[in-house]
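Novice: From first to last, the protein sequence lines stand for chains A and B.
Sequential numbering of the first sequence, starting at 1, is according to the working numbering.
Sequential numbering of the second sequence, starting at 1, is according to the working numbering.
Source of the hints: derived by calculation from the structure; they are not laboratory data.
Positions of the beta carbon are idealized from the N, C-alpha and C atoms, including for glycine.
Take these hints with a grain of salt, some might be off.
[To be verified] In silico DSS-like links for lysine-lysine, alpha-carbon gap of 30 Å or less: (1) K61(B) with K107(A); (2) K61(A) with K61(B); (3) K160(B) with K61(B); (4) K133(B) with K160(A); (5) K160(A) with K138(A); (6) K177(B) with K160(B); (7) K19(A) with K107(A); (8) K212(A) with K61(B); (9) K160(B) with K138(A); (10) K138(B) with K19(B); (11) K107(B) with K61(A); (12) K61(B) with K177(A); (13) K107(B) with K19(A); (14) K138(A) with K107(A); (15) K19(A) with K212(B).
[What the hints assert, rightly or not] Here are some, though not all, of the chain B residues that point toward chain A, as calculated from beta-carbon distances under 10 Å: (16) A2; (17) V4; (18) Y168.
Number of protein chains: 2
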Amino acid sequence: MAEVTVGIVVIGNEILSGKVMDTNSAFLARGLREVGGELRRIAVVPDEIDEIVEVIRDFSKRFEVVLTSGGIGPTHDDITIAAVARALGRRVIRHPTIEEGLRRFFKDNVNSAHLKMAEVPEGAELIQGGEVKFPVVKVENVYLLPGIPQILEDKFHVIKQRFTGARYHLKTIYSCKGESVIAEHLDATLARFPDLLLGSYPRLGDADYRVKVTLESRDQAYVEQAFAHLVGILPEGTVVRTEEG
Amino acid sequence: MAEVTVGIVVIGNEILSGKVMDTNSAFLARGLREVGGELRRIAVVPDEIDEIVEVIRDFSKRFEVVLTSGGIGPTHDDITIAAVARALGRRVIRHPTIEEGLRRFFKDNVNSAHLKMAEVPEGAELIQGGEVKFPVVKVENVYLLPGIPQILEDKFHVIKQRFTGARYHLKTIYSCKGESVIAEHLDATLARFPDLLLGSYPRLGDADYRVKVTLESRDQAYVEQAFAHLVGILPEGTVVRTEEG
Chain A
1 MAEVTVGIVV
11 IGNEILSGKV
21 MDTNSAFLAR
31 GLREVGGELR
41 RIAVVPDEID
51 EIVEVIRDFS
61 KRFEVVLTSG
71 GIGPTHDDIT
81 IAAVARALGR
91 RVIRHPTIEE
101 GLRRFFKDNV
111 NSAHLKMAEV
121 PEGAELIQGG
131 EVKFPVVKVE
141 NVYLLPGIPQ
151 ILEDKFHVIK
161 QRFTGARYHL
171 KTIYSCKGES
181 VIAEHLDATL
191 ARFPDLLLGS
201 YPRLGDADYR
211 VKVTLESRDQ
221 AYVEQAFAHL
231 VGILPEGTVV
241 RTEEG
Chain B
1 MAEVTVGIVV
11 IGNEILSGKV
21 MDTNSAFLAR
31 GLREVGGELR
41 RIAVVPDEID
51 EIVEVIRDFS
61 KRFEVVLTSG
71 GIGPTHDDIT
81 IAAVARALGR
91 RVIRHPTIEE
101 GLRRFFKDNV
111 NSAHLKMAEV
121 PEGAELIQGG
131 EVKFPVVKVE
141 NVYLLPGIPQ
151 ILEDKFHVIK
161 QRFTGARYHL
171 KTIYSCKGES
181 VIAEHLDATL
191 ARFPDLLLGS
201 YPRLGDADYR
211 VKVTLESRDQ
221 AYVEQAFAHL
231 VGILPEGTVV
241 RTEEG
């Protein structure tokens, strides 16, 4: 099963200006990991159309799937629809299905801000589902998700099965020796298991370990063999504990 | 005082794979805001040299300052030094000052992993300071910060005054009306104050407001005037409360 490569584009001045912490990309990263999708890059860009267009155009060519977060509401700073349309060389149109739904819901109170919510890049597909009635707009390989975390999460669950791939198998070793002591053993393991994803994460402070070492592969037998190899060559007393999964 | 434009490059498979949440870019965003730096873009890239080289090369031309986070330790997955060197067309050399410090500290126990920590792009500047002895490596307009949050924060405090600019003045309005009601008043305010940074952030759940509206400018009088204008035109009963700063 080939993995789906994914790029995430987070749109929002509020994140770049440090007023709001982006939790959406971390949520999506975890969610993609669970289904086996391959997140390759995250970009956070300001609410400026040229900036968004440039990154969407680049990511939509580079990755099989692009997920955007933010900028799809009814106000002036919601320019993601226009940016995605321009990036993909399409016009912005008012989608009749969404417009009809909005008119049915708001009746005589419908205004231009409501109707802005019906705008989509021409040729977009609507994906229904989840607790929130409003559909996910998809155009070519770009899925437009909202910036509000609860709704983004709801919508991601609707579409995530589209990104399914072979999952990673993870084994973790906690080392009480520092990175400079274990580095040669990590190198030796990689020399023998070159396709292993091997991470080394030192930790400061009062943990019972100094380095967390992660071994990953989509091939379970491979990661088990690499794990056994590394545990076997680490100096005695190095491993505090190990974890699976 | 002209603002310093900044791009952040976060290097780490552990973030893209959803195992670790990146808190460094949010810390740096807040820190840059405090000193008046202008964060323009964040990229999160995998531990792959071609990927890192491409983004560093792009950001170092595009922005006045680039801050990197991660990948500067002694293990196999620490490739940021090599990537920055290649992006800027430089060799990697062992810096005599760092090497001497490491040899003095580790004495006869010094190994190749320790000495990897002395590698820098040729021509790099060392910036000393902070609680951690190890210097910040700077080359051209790229500052290499570590991935460990405590050390990154310590080092950012050492260098942050280099990014000082005029600060933003912020006023916030909490609205009990939704975005589609207030959108036209936001548009009218922007038409009158085109240089205003105006953000509109809907919130779900049990808050006492539905939309948080932020008004910002580096010109205090300008933001005060825009704030007074918007509060004046919003329908009666819309404003739950306002905040400054």
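Novice: It remains to establish, for every hint, whether it holds in the given structure.
Specialist: Hint-by-hint comparison with the structure:
| no. | hint | in the structure |
| --- | --- | --- |
| 1 | K61(B) with K107(A) | violated (52 Å) |
| 2 | K61(A) with K61(B) | holds (22 Å) |
| 3 | K160(B) with K61(B) | holds (20 Å) |
| 4 | K133(B) with K160(A) | violated (45 Å) |
| 5 | K160(A) with K138(A) | holds (13 Å) |
| 6 | K177(B) with K160(B) | violated (39 Å) |
| 7 | K19(A) with K107(A) | violated (36 Å) |
| 8 | K212(A) with K61(B) | violated (35 Å) |
| 9 | K160(B) with K138(A) | violated (41 Å) |
| 10 | K138(B) with K19(B) | holds (29 Å) |
| 11 | K107(B) with K61(A) | violated (52 Å) |
| 12 | K61(B) with K177(A) | violated (40 Å) |
| 13 | K107(B) with K19(A) | violated (46 Å) |
| 14 | K138(A) with K107(A) | holds (27 Å) |
| 15 | K19(A) with K212(B) | holds (12 Å) |
| 16 | A2 | violated (18 Å) |
| 17 | V4 | violated (14 Å) |
| 18 | Y168 | holds (7 Å) |
The earlier numbered hints that this structure contradicts are 1, 4, 6, 7, 8, 9, 11, 12, 13, 16, 17.
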